[in-house]
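Enquirer: Here is what each chain is made of, one letter per residue.
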Amino acid sequence: DSGVTQTPKHLITATGQRVTLRCSPRSGDLSVYWYQQSLDQGLQFLIQYYNGEERAKGNILERFSAQQFPDLHSELNLSSLELGDSALYFCASSVGGHNQPQHFGDGTRLSIL
Amino acid sequence: ELKVEQNPLFLSMQEGKNYTIYCNYSTTSDRLYWYRQDPGKSLESLFVLLSNGAVKQEGRLMASLDTKARLSTLHITAAVHDLSATYFCAVTVLSPLVFGKGTRLSVIA
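Going line by line, the protein sequences match chains L and V.
So for the first sequence, our numbering puts the first residue at 267; every next one is plus one.
So for the second sequence, our numbering puts the first residue at 2; every next one is plus one.
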């Protein structure tokens, strides 16, 4: 158990819809990272927050957004969903910045029908 | 742009045999990680390699780092079925992790 909690574990929805994925980091960790894992793109970094502020941005679509709240949990919002958004979305957390080991949650499997 | 390449992408090996997975990266890195992922599961951290010549071992797995060659290896000794999984290397250069595509390892009797 990494200590990183992601909900829900599975999500099935339709094209055009909007969903929110939630992540609670390990106790004491200030950084939260979001990754997307798909068969064709592999594991891709989406976005990082550190203590409530956006720290780094990767290959995140404009339809996607995220935030980190004062209690340090984070949410990833995906809107206008397309079939290609079907993937496993991981959250990871670390104590500080990029040089700290990241601990991964169990992921949210998103299926778009 | 930092790029990370792993090979092979697929590896089927017999129990008891040895093999090596290779991870090449394109620019000087701060550190290199190896992760294991079972199907549909999370990523489990195996090793963190920080400096040139670093070698770490855990059970039948040994990882090494050559920063001059920008190469890391994950060596599997006397493979057992429980090692079947996908192994990823990931590299950071003052940036979030960049992952290789992963090596899907299947250990067969």
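No lab work stands behind these hints: they were computed from the structure.
Heads up, some of the hints might be wrong.
[Unchecked claim] In silico DMTMM-like pairs for lysine to aspartate or glutamate, Cα to Cα no more than 25 Å straight-line:
#, chain 1, residue 1, chain 2, residue 2
1, V, K57, L, D267
2, V, K57, V, E6
3, V, K69, V, E2
4, V, K42, V, E2
5, V, K102, L, D337
6, V, K69, V, D39
7, L, K275, V, E45
8, V, K42, L, D267
9, V, K102, L, D306
10, V, K4, L, D337
[Said to hold, decoys possible] To spell it out: a stretch of chain L is covered by chain V in this simulated footprint if at least three of its residues, at any positions, have a beta carbon under 8 Å from a beta carbon of chain V; those stretches are:
#, region
11, 276-283
12, 370-376
We treat Cβ as the ideally placed atom computed from N, Cα and C, and that holds for glycine.
Enquirer: Take the hints in turn and mark each one as holding or not.
Expert: Against the structure, the hints:
1. With a CA separation close to 22 Å, the supplied pair K57(V) and D267(L) stays within the 25 Å bound.
2. Simply put, K57(V) and E6(V) have alpha-carbon atoms about 21 Å apart, close enough for the 25 Å limit, and the pair holds.
3. At roughly 18 Å between alpha-carbon atoms, K69(V) and E2(V) fall within 25 Å of each other, so this suggested pair holds.
4. For the hint linking K42(V) to E2(V), the alpha-carbon distance of about 29 Å lies beyond 25 Å, and the restraint is violated.
5. Only pairs whose Cα atoms come within 25 Å are accepted, and K102(V) paired with D337(L) is rejected, the gap being roughly 34 Å.
6. For the suggested pair K69(V) and D39(V), the alpha carbons sit about 31 Å apart, so the restraint of at most 25 Å is broken.
7. The hinted pair formed by K275(L) and E45(V) meets the criterion: a straight-line CA distance of about 17 Å does not exceed 25 Å.
8. With a C-alpha separation of about 12 Å, the suggested pairing of K42(V) with D267(L) holds against the 25 Å cut-off.
9. Taken as a hint, the K102(V) and D306(L) pair is honoured in the structure, with Cα atoms around 10 Å apart against an allowance of 25 Å.
10. Restraint check: the Cα-Cα separation between K4(V) and D337(L) comes to about 34 Å, which exceeds 25 Å; the hinted pair is violated.
11. Only residues whose beta carbon comes within less than 8 Å of a beta carbon in chain V count, and the region 276-283 of chain L has 0; fewer than three means the coverage is violated.
12. Residue count for the region 370-376 of chain L with a Cβ under 8 Å from a Cβ of chain V: 5. That meets the three needed, and the coverage hint holds.
Consistency note: the structure conflicts with the earlier hints numbered 4, 5, 6, 10 and 11.
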